[in-house]
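Participant: Sequence:
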Amino acid sequence: MEKAFLQVHGCTDISAFRGSNFGNDCHLLTSFLPEYIPIQELTRSLIDSIYQEFLSKNVLLGLAVGRLTDDEVVAFHLVPNHDYCITDITFSNDDYLFTIRNPSLATNPFQTLSLKDLYAMFQTFYVNWNSDRFAHGAKKTFVIPSTIGSSSYIDYPQFTIDGAPSSSIWILLEGHMGREGTGSVISSVLCYDTDHKLWTSDDSEFISSTPVNNPLFTLCKLSVPADGCLTAVLRLTDVTSSHFYTIHCYSQEPLSIHRSMNKLKHFKQLAGSWSIGESGGPWSEDTYWENPQYEITTEDTSPVSIGLFTSSSLHVSLNIFDNDFNDFNRVVGFKEKDLIQSEQYTDGLSLSRTTLQAGKKYVIVCSTYHVDDLGAFKLAVNSNSVFSLRPLLTGLGLFKKRIDGANVSRRGWETIARFLLKRRSRVAIKVTGKTNRVQLRGIQTGEVVYSAVSSRKTTFLGSQKETISDGEYEVQVTSEKDCTVDAEIWTDYIISSTDES
1 MEKAFLQVHG CTDISAFRGS NFGNDCHLLT SFLPEYIPIQ ELTRSLIDSI
51 YQEFLSKNVL LGLAVGRLTD DEVVAFHLVP NHDYCITDIT FSNDDYLFTI
101 RNPSLATNPF QTLSLKDLYA MFQTFYVNWN SDRFAHGAKK TFVIPSTIGS
151 SSYIDYPQFT IDGAPSSSIW ILLEGHMGRE GTGSVISSVL CYDTDHKLWT
201 SDDSEFISST PVNNPLFTLC KLSVPADGCL TAVLRLTDVT SSHFYTIHCY
251 SQEPLSIHRS MNKLKHFKQL AGSWSIGESG GPWSEDTYWE NPQYEITTED
301 TSPVSIGLFT SSSLHVSLNI FDNDFNDFNR VVGFKEKDLI QSEQYTDGLS
351 LSRTTLQAGK KYVIVCSTYH VDDLGAFKLA VNSNSVFSLR PLLTGLGLFK
401 KRIDGANVSR RGWETIARFL LKRRSRVAIK VTGKTNRVQL RGIQTGEVVY
451 SAVSSRKTTF LGSQKETISD GEYEVQVTSE KDCTVDAEIW TDYIISSTDE
501 S
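The sequence shown begins at 1 in our numbering and counts up by one.
Subject to a maximum C-alpha distance of 30 angstroms in a straight line, what follows is the list of computed DSSO-like cross-link-like pairs (lysine-lysine):
1. Lys221 <-> Lys116
2. Lys457 <-> Lys337
3. Lys140 <-> Lys265
4. Lys361 <-> Lys263
5. Lys361 <-> Lys378
6. Lys140 <-> Lys378
7. Lys263 <-> Lys221
8. Lys139 <-> Lys265
9. Lys465 <-> Lys361
10. Lys57 <-> Lys116
11. Lys139 <-> Lys268
12. Lys378 <-> Lys263
Derived DEER-like restraints, expressed as beta-carbon distance ranges:
13. Gln123 <-> Ser167: 25 to 35 angstroms
14. Asp193 <-> Lys457: 43 to 53 angstroms
15. Ala135 <-> Lys57: 11 to 21 angstroms
16. Ser342 <-> His258: 28 to 38 angstroms
17. Lys400 <-> Asp372: 17 to 27 angstroms
18. Gln40 <-> Asp372: 49 to 59 angstroms
19. Asp48 <-> Ala106: 32 to 42 angstroms
Note that these hints are calculated values from the structure, not bench results. These numbers come from a predicted model, not from an experiment. Even glycine gets a Cβ: it sits at the ideal position worked out from N, Cα and C.
Take the sequences, apply the hints, and build the full model.
Facilitator: This is the structure we're talking about:
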């Protein structure tokens, strides 16, 4: 028995054994469900109910000693940080007397203590419950990988439990020993009145929270809501290695447990990041268009949940634009008339729930509150309709020609670039500088093909959706004062310049 016990604890020799825990070891040897009660939470009414269970032989009980001074060790005859088994409880003169087995006592190993003594001498009260009291049980074993992350609910392991409405249910979270990592990466067990996976703590009505103070076992006691189901969310701390757990459920009524599913039928999640040159900040910045953007279309008109999840240190938001009638695949400027849904900047996440129309193209812009904030994120979409979700390229075309430092005077129109299209092509132009108006004009025809007016530092014109005919073209700008501008001309193939000024 001793060798088996040491092996369970990962020890090959008694000298390597770091100490036992009454609640943990009692469960391993008897399958009684461990509960750990801080001694200061041991109320008279709780003692009354435990006493009745003890008389019915439904529980095994123990006590844990905390730190003791040398004088307390002598006075109490107890070993610091040691556990003792309660062998008997009696009730006399309106007080409880507890008998513990204390091997350090030479003549009689049994020591009798009052309830007052327990509060003074011990730290934890162990209650191990006979699992045979329950007629039904279910369990799921799972792995928390080191790559899961831990910044949001969408990362947390979640399990939905179906049972008889209003029935009592106990949940035991078991962390497996002998695996990599010694501590628990789960900080608490949160239960909610819902039958689906939660993305945030506000997604459903909260039922209870149980802190995980023991790396091996945590016991939760609650009642099944009136609709017959609840979801347990296992809140994570930092995950640096893989951990193995089993979640057990016990009840007098039939029950089942399964991994929680998203509320709507179809789900997709993409990983992205705000990196140098792709972190444009809020819509008030000229660089807003540089933020990561995604195109989404649904086959049918459907409610959709869209979530942006990242580190809590980042202030983030997502905006959804109707992009069906814009000239560019990306959102290149903030147009309120195209805005379908806008969310406030919040720490670590942004969540939008809206309805998307069948076949329409929408663009999701993921932004941080400050320009050049860097970090990774996850974009999640949940819909009742089949949908397409894809990242949009940062470029406005296949090939780019750059014009740096073109001089513009305030006399009138200034040509900053001329180029030749040898065949039809899409043309998109980005001009950076304090210009009033930018236009693309055909040299032979004199026709103004595209024109844009802007009060911002960056102006876009052209189209990623329509082509223009071959020929010579020039990019012209006007400005209220002399300035220097940069330009980028995006086309479907490499173009040649005919003149630049």
